[in-house]
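**Student:** All chains, full assembly: derive it from the sequences and hints.
In the numbering used here, the protein residues as written are 1 to 342.
Treat the hints as calculated values from the structure; they're not laboratory data.
Check the hints yourself; a few may be wrong.
[As the list claims (entries may be wrong)] Here are the simulated lysine-lysine pairs, PhoX-like style, with alpha carbons at most 20 Å apart:
#1 Lys47 with Lys90
#2 Lys121 with Lys144
#3 Lys188 with Lys144
Being a predicted model, the structure only gives us computed values, none of them experimental.
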Amino acid sequence: MQFFSNLQELTLCIISDYGNENCKAVLKMLAENVTALLKDLTKISTKINVLKIEEFNPNYGPQVFHALISMIKSQKRLRQFHLMGSDNPKEFHGIVSALESQKQSIREVLIEDCDYNVEFKTLNNCENLETIRIRFCNDEKILKIMEILNCKITTLEIINFYCDIDAPNIVLLEKSGALLQRLKLAVKMISEKSILLETLMSFCPNILYLNISYIEFSTQLLDLIGNLKKLLFLTLRWCDDIFEEEVIRFANALPFTLQYLDLDTRSLKSNFDILFDHCNAPLKTVITNHYYEEEDFRALIEFCIRKRTLKYLGVNLLSGDVYERMKGYVTVVQFGHVIVDC
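**Tutor:** The structure is reproduced here in C-alpha coordinates:
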(Lines of atoms letter the chains of each structure in order from A and count residues from 1; the text may use other names and numbers.)
(Lines give C-alpha, C1' and ligand atoms only; values in the text may rest on other atoms or scores of the structure.)
Protein backbone atom coordinates (compact mmCIF):
# COMPACT_ATOMS: atom_id res chain seq x y z
CA MET A 1 0.00 0.00 0.00
CA GLN A 2 2.84 2.41 0.88
CA PHE A 3 4.50 1.65 -2.45
CA PHE A 4 1.41 2.74 -4.40
CA SER A 5 0.85 5.81 -2.23
CA ASN A 6 4.39 7.01 -3.07
CA LEU A 7 4.20 6.10 -6.77
CA GLN A 8 5.62 8.91 -8.93
CA GLU A 9 5.94 7.34 -12.39
CA LEU A 10 3.42 5.01 -14.02
CA THR A 11 3.58 3.24 -17.39
CA LEU A 12 0.40 1.57 -18.67
CA CYS A 13 0.71 -0.87 -21.56
CA ILE A 14 -2.48 -2.77 -22.37
CA ILE A 15 -1.99 -5.32 -25.14
CA SER A 16 -5.36 -5.70 -26.85
CA ASP A 17 -4.61 -7.96 -29.84
CA TYR A 18 -4.42 -11.63 -28.91
CA GLY A 19 -5.55 -13.10 -32.22
CA ASN A 20 -7.25 -16.21 -30.82
CA GLU A 21 -10.77 -17.55 -30.55
CA ASN A 22 -11.03 -16.56 -26.90
CA CYS A 23 -10.07 -12.96 -27.67
CA LYS A 24 -13.37 -11.41 -26.53
CA ALA A 25 -13.32 -13.24 -23.23
CA VAL A 26 -9.68 -12.32 -22.63
CA LEU A 27 -10.31 -8.66 -23.46
CA LYS A 28 -13.31 -8.53 -21.15
CA MET A 29 -11.30 -9.97 -18.28
CA LEU A 30 -8.40 -7.66 -19.07
CA ALA A 31 -10.66 -4.60 -19.12
CA GLU A 32 -12.13 -5.56 -15.76
CA ASN A 33 -8.71 -6.04 -14.19
CA VAL A 34 -7.31 -2.79 -15.61
CA THR A 35 -10.39 -0.88 -14.51
CA ALA A 36 -10.07 -2.24 -10.98
CA LEU A 37 -6.38 -1.30 -10.87
CA LEU A 38 -7.04 2.24 -12.12
CA LYS A 39 -9.81 2.73 -9.56
CA ASP A 40 -7.43 1.68 -6.80
CA LEU A 41 -4.72 4.01 -8.11
CA THR A 42 -7.23 6.88 -8.19
CA LYS A 43 -7.77 6.45 -4.47
CA ILE A 44 -4.21 5.65 -3.39
CA SER A 45 -1.73 7.10 -5.91
CA THR A 46 -2.17 10.86 -6.16
CA LYS A 47 1.52 11.82 -6.45
CA ILE A 48 2.20 10.56 -9.97
CA ASN A 49 4.49 12.98 -11.84
CA VAL A 50 4.97 10.97 -15.04
CA LEU A 51 2.18 9.05 -16.80
CA LYS A 52 3.04 7.00 -19.89
CA ILE A 53 0.31 5.22 -21.84
CA GLU A 54 1.75 2.75 -24.34
CA GLU A 55 -0.01 0.75 -27.08
CA PHE A 56 -3.08 2.96 -26.70
CA ASN A 57 -6.08 1.44 -28.45
CA PRO A 58 -9.48 3.19 -28.74
CA ASN A 59 -11.24 -0.19 -28.34
CA TYR A 60 -10.37 -0.75 -24.69
CA GLY A 61 -13.96 -0.17 -23.58
CA PRO A 62 -15.71 2.72 -21.81
CA GLN A 63 -15.05 1.43 -18.29
CA VAL A 64 -11.28 1.56 -18.87
CA PHE A 65 -11.45 5.10 -20.27
CA HIS A 66 -13.63 6.37 -17.43
CA ALA A 67 -11.28 4.88 -14.84
CA LEU A 68 -8.22 6.32 -16.60
CA ILE A 69 -9.79 9.78 -16.81
CA SER A 70 -10.61 9.66 -13.09
CA MET A 71 -7.06 8.60 -12.29
CA ILE A 72 -5.62 11.52 -14.30
CA LYS A 73 -7.93 14.00 -12.58
CA SER A 74 -7.03 12.67 -9.13
CA GLN A 75 -3.35 13.57 -9.44
CA LYS A 76 -2.03 16.50 -7.44
CA ARG A 77 0.80 17.43 -9.78
CA LEU A 78 1.11 15.53 -13.08
CA ARG A 79 4.13 16.94 -14.92
CA GLN A 80 4.71 14.60 -17.89
CA PHE A 81 2.13 12.91 -20.11
CA HIS A 82 3.19 10.45 -22.83
CA LEU A 83 0.60 8.97 -25.19
CA MET A 84 1.92 6.26 -27.52
CA GLY A 85 -0.68 4.80 -29.83
CA SER A 86 -1.12 1.50 -31.61
CA ASP A 87 -1.76 1.87 -35.37
CA ASN A 88 -2.44 5.61 -35.22
CA PRO A 89 -5.65 5.84 -33.16
CA LYS A 90 -8.01 8.69 -34.08
CA GLU A 91 -10.21 8.70 -30.96
CA PHE A 92 -9.05 9.20 -27.38
CA HIS A 93 -12.36 9.12 -25.47
CA GLY A 94 -11.58 12.07 -23.21
CA ILE A 95 -8.11 10.92 -22.12
CA VAL A 96 -6.34 13.96 -23.58
CA SER A 97 -9.14 16.32 -22.55
CA ALA A 98 -8.61 15.16 -18.96
CA LEU A 99 -5.32 17.07 -18.96
CA GLU A 100 -7.44 20.20 -18.44
CA SER A 101 -7.44 19.20 -14.77
CA GLN A 102 -3.63 19.33 -14.78
CA LYS A 103 -3.23 22.56 -16.75
CA GLN A 104 -1.17 24.22 -14.03
CA SER A 105 1.30 21.37 -13.57
CA ILE A 106 1.84 19.74 -16.99
CA ARG A 107 5.34 20.52 -18.30
CA GLU A 108 5.88 17.89 -21.02
CA VAL A 109 3.62 16.14 -23.54
CA LEU A 110 4.71 13.38 -25.91
CA ILE A 111 2.41 12.20 -28.71
CA GLU A 112 3.58 9.13 -30.66
CA ASP A 113 1.91 7.11 -33.43
CA CYS A 114 -1.42 8.97 -33.11
CA ASP A 115 -3.69 10.87 -35.51
CA TYR A 116 -4.87 14.39 -34.83
CA ASN A 117 -8.02 14.86 -32.76
CA VAL A 118 -9.80 17.97 -31.52
CA GLU A 119 -8.96 16.85 -27.97
CA PHE A 120 -5.42 18.08 -28.52
CA LYS A 121 -6.76 21.65 -28.30
CA THR A 122 -6.81 21.05 -24.55
CA LEU A 123 -3.03 21.51 -24.61
CA ASN A 124 -3.60 25.18 -25.34
CA ASN A 125 -4.89 25.54 -21.78
CA CYS A 126 -1.76 24.04 -20.22
CA GLU A 127 -0.24 27.29 -19.04
CA ASN A 128 3.19 25.96 -18.04
CA LEU A 129 3.78 23.52 -20.89
CA GLU A 130 7.49 23.59 -21.76
CA THR A 131 8.20 20.50 -23.86
CA ILE A 132 6.36 19.11 -26.90
CA ARG A 133 7.44 15.85 -28.55
CA ILE A 134 5.63 14.52 -31.65
CA ARG A 135 6.92 11.22 -33.03
CA PHE A 136 5.95 8.91 -35.89
CA CYS A 137 2.44 10.25 -36.48
CA ASN A 138 1.21 9.60 -40.04
CA ASP A 139 -1.46 12.30 -39.97
CA GLU A 140 -0.05 15.60 -41.27
CA LYS A 141 -2.75 17.41 -39.30
CA ILE A 142 -0.95 16.42 -36.09
CA LEU A 143 1.21 19.51 -36.54
CA LYS A 144 -1.89 21.61 -35.86
CA ILE A 145 -0.79 21.21 -32.26
CA MET A 146 2.01 23.66 -32.99
CA GLU A 147 -0.42 26.17 -34.48
CA ILE A 148 -2.93 26.21 -31.61
CA LEU A 149 -0.49 26.53 -28.71
CA ASN A 150 -0.10 29.92 -27.08
CA CYS A 151 2.56 28.82 -24.60
CA LYS A 152 6.28 29.46 -24.89
CA ILE A 153 8.21 26.21 -25.00
CA THR A 154 11.82 25.35 -24.21
CA THR A 155 11.98 22.01 -26.08
CA LEU A 156 10.38 20.99 -29.38
CA GLU A 157 10.97 17.56 -30.92
CA ILE A 158 9.30 16.43 -34.14
CA ILE A 159 10.19 13.06 -35.67
CA ASN A 160 7.70 12.63 -38.45
CA PHE A 161 8.64 11.49 -41.93
CA TYR A 162 5.11 12.10 -43.26
CA CYS A 163 4.92 15.77 -42.32
CA ASP A 164 6.09 19.04 -43.77
CA ILE A 165 7.19 21.99 -41.65
CA ASP A 166 5.52 25.06 -43.13
CA ALA A 167 5.00 28.69 -42.13
CA PRO A 168 2.06 28.17 -39.68
CA ASN A 169 4.10 25.55 -37.79
CA ILE A 170 7.00 27.96 -37.41
CA VAL A 171 4.88 30.51 -35.53
CA LEU A 172 5.31 28.51 -32.30
CA LEU A 173 9.08 28.96 -32.54
CA GLU A 174 8.64 32.70 -32.90
CA LYS A 175 6.30 32.75 -29.88
CA SER A 176 8.80 30.81 -27.81
CA GLY A 177 11.63 33.13 -28.76
CA ALA A 178 14.53 33.30 -26.34
CA LEU A 179 13.03 30.55 -24.16
CA LEU A 180 13.59 27.88 -26.84
CA GLN A 181 16.68 25.85 -25.92
CA ARG A 182 16.33 22.46 -27.60
CA LEU A 183 15.03 21.82 -31.13
CA LYS A 184 14.90 18.57 -33.11
CA LEU A 185 13.29 18.40 -36.56
CA ALA A 186 13.43 15.05 -38.37
CA VAL A 187 10.75 15.41 -41.04
CA LYS A 188 10.33 14.49 -44.71
CA MET A 189 10.70 18.09 -45.82
CA ILE A 190 10.82 21.68 -44.63
CA SER A 191 9.01 23.66 -47.31
CA GLU A 192 9.79 26.98 -45.65
CA LYS A 193 13.49 26.47 -44.88
CA SER A 194 14.32 30.14 -45.30
CA ILE A 195 11.54 31.25 -42.93
CA LEU A 196 12.55 28.59 -40.40
CA LEU A 197 16.21 29.61 -40.37
CA GLU A 198 15.38 33.32 -40.28
CA THR A 199 12.96 32.78 -37.39
CA LEU A 200 15.52 30.84 -35.39
CA MET A 201 18.20 33.43 -36.02
CA SER A 202 15.96 36.41 -35.22
CA PHE A 203 13.95 35.11 -32.27
CA CYS A 204 15.75 32.10 -30.72
CA PRO A 205 19.30 33.09 -29.72
CA ASN A 206 19.53 30.77 -26.70
CA ILE A 207 19.37 27.39 -28.44
CA LEU A 208 21.68 24.88 -26.75
CA TYR A 209 20.70 21.81 -28.78
CA LEU A 210 19.99 21.84 -32.53
CA ASN A 211 19.17 18.72 -34.54
CA ILE A 212 17.90 19.10 -38.12
CA SER A 213 17.57 16.38 -40.75
CA TYR A 214 17.28 16.69 -44.54
CA ILE A 215 18.52 20.27 -44.59
CA GLU A 216 20.31 21.81 -47.54
CA PHE A 217 23.68 23.48 -47.14
CA SER A 218 23.25 27.25 -47.34
CA THR A 219 24.80 30.51 -46.23
CA GLN A 220 21.68 31.10 -44.15
CA LEU A 221 22.27 27.85 -42.25
CA LEU A 222 25.88 28.83 -41.56
CA ASP A 223 24.77 32.26 -40.35
CA LEU A 224 22.33 30.62 -37.93
CA ILE A 225 24.95 28.23 -36.53
CA GLY A 226 27.47 31.03 -36.17
CA ASN A 227 24.98 33.25 -34.35
CA LEU A 228 23.97 30.64 -31.76
CA LYS A 229 26.43 31.78 -29.12
CA LYS A 230 25.29 29.21 -26.54
CA LEU A 231 25.13 26.17 -28.83
CA LEU A 232 26.52 23.02 -27.18
CA PHE A 233 25.05 20.16 -29.26
CA LEU A 234 24.72 20.10 -33.06
CA THR A 235 23.37 17.25 -35.20
CA LEU A 236 22.93 17.69 -38.96
CA ARG A 237 21.77 15.36 -41.73
CA TRP A 238 22.33 17.10 -45.05
CA CYS A 239 20.30 16.20 -48.10
CA ASP A 240 23.02 17.20 -50.56
CA ASP A 241 26.77 16.78 -51.00
CA ILE A 242 29.09 19.29 -49.35
CA PHE A 243 32.23 20.27 -51.22
CA GLU A 244 35.63 21.46 -49.97
CA GLU A 245 34.99 25.21 -49.89
CA GLU A 246 31.64 24.65 -48.16
CA VAL A 247 33.22 22.32 -45.60
CA ILE A 248 35.76 25.01 -44.73
CA ARG A 249 32.99 27.58 -44.31
CA PHE A 250 31.04 25.16 -42.12
CA ALA A 251 34.08 24.46 -39.91
CA ASN A 252 34.72 28.18 -39.49
CA ALA A 253 31.07 28.80 -38.56
CA LEU A 254 31.05 26.37 -35.62
CA PRO A 255 30.74 28.42 -32.41
CA PHE A 256 33.39 28.28 -29.70
CA THR A 257 30.80 26.92 -27.26
CA LEU A 258 30.17 23.74 -29.29
CA GLN A 259 31.05 20.49 -27.49
CA TYR A 260 29.13 17.85 -29.45
CA LEU A 261 29.01 17.32 -33.22
CA ASP A 262 27.03 14.52 -34.92
CA LEU A 263 27.26 14.53 -38.72
CA ASP A 264 26.17 12.34 -41.59
CA THR A 265 29.67 12.49 -43.02
CA ARG A 266 28.68 10.74 -46.25
CA SER A 267 27.74 14.20 -47.49
CA LEU A 268 31.32 15.36 -46.98
CA LYS A 269 32.59 12.87 -49.56
CA SER A 270 36.41 13.02 -49.36
CA ASN A 271 36.50 16.24 -47.33
CA PHE A 272 36.30 14.79 -43.81
CA ASP A 273 39.91 15.74 -43.11
CA ILE A 274 39.25 19.30 -44.30
CA LEU A 275 36.59 19.72 -41.62
CA PHE A 276 38.97 18.94 -38.77
CA ASP A 277 41.87 20.82 -40.31
CA HIS A 278 39.79 24.00 -40.02
CA CYS A 279 37.67 23.29 -36.93
CA ASN A 280 38.44 25.40 -33.85
CA ALA A 281 35.41 24.48 -31.74
CA PRO A 282 36.33 22.77 -28.42
CA LEU A 283 34.58 19.52 -29.31
CA LYS A 284 34.34 16.84 -26.64
CA THR A 285 32.28 14.32 -28.63
CA VAL A 286 32.27 13.66 -32.39
CA ILE A 287 29.91 11.12 -34.01
CA THR A 288 30.32 10.05 -37.63
CA ASN A 289 29.26 7.28 -40.02
CA HIS A 290 32.55 7.55 -41.85
CA TYR A 291 34.98 5.09 -43.39
CA TYR A 292 38.34 6.49 -42.30
CA GLU A 293 41.16 7.03 -44.77
CA GLU A 294 44.77 7.88 -43.92
CA GLU A 295 44.20 11.63 -44.22
CA ASP A 296 41.20 11.41 -41.91
CA PHE A 297 43.29 9.80 -39.16
CA ARG A 298 45.93 12.48 -39.59
CA ALA A 299 43.40 15.32 -39.34
CA LEU A 300 41.69 13.83 -36.27
CA ILE A 301 44.96 13.19 -34.45
CA GLU A 302 46.17 16.72 -35.18
CA PHE A 303 42.82 18.09 -33.96
CA CYS A 304 43.17 16.11 -30.71
CA ILE A 305 46.68 17.45 -30.16
CA ARG A 306 45.77 21.02 -31.11
CA LYS A 307 42.54 21.38 -29.11
CA ARG A 308 43.06 18.82 -26.29
CA THR A 309 39.29 18.65 -25.75
CA LEU A 310 38.08 15.60 -27.71
CA LYS A 311 37.14 12.72 -25.38
CA TYR A 312 34.86 10.46 -27.45
CA LEU A 313 34.75 9.45 -31.09
CA GLY A 314 31.48 7.68 -31.86
CA VAL A 315 31.64 5.46 -34.93
CA ASN A 316 29.11 3.34 -36.79
CA LEU A 317 31.24 0.20 -36.86
CA LEU A 318 33.84 -0.21 -34.14
CA SER A 319 36.65 -1.52 -36.31
CA GLY A 320 39.97 -2.49 -34.81
CA ASP A 321 41.72 -0.16 -37.24
CA VAL A 322 39.99 2.97 -35.93
CA TYR A 323 40.51 1.88 -32.33
CA GLU A 324 44.23 1.21 -32.80
CA ARG A 325 44.95 4.34 -34.83
CA MET A 326 43.19 6.66 -32.37
CA LYS A 327 44.34 4.92 -29.19
CA GLY A 328 45.96 7.38 -26.82
CA TYR A 329 44.26 10.37 -28.43
CA VAL A 330 40.53 9.74 -27.92
CA THR A 331 38.19 7.02 -26.63
CA VAL A 332 36.57 5.27 -29.61
CA VAL A 333 33.07 3.91 -28.89
CA GLN A 334 30.04 2.61 -30.75
CA PHE A 335 28.04 5.74 -31.61
CA GLY A 336 24.91 4.67 -29.72
CA HIS A 337 26.76 4.94 -26.42
CA VAL A 338 27.41 8.67 -26.74
CA ILE A 339 24.39 10.01 -28.66
CA VAL A 340 22.74 12.93 -26.90
CA ASP A 341 19.05 13.19 -27.73
CA CYS A 342 16.73 16.15 -27.50
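**Student:** Work down the list of hints and note, for each, if the structure agrees.
**Tutor:** Status of each hint after checking the structure:
1. Lys47 with Lys90: The hint is violated at about 29 Å.
2. Lys121 with Lys144: 9 Å, holds
3. Lys188 with Lys144: The hint holds at about 17 Å.
Hint compliance for this structure: hint 1 alone is broken.
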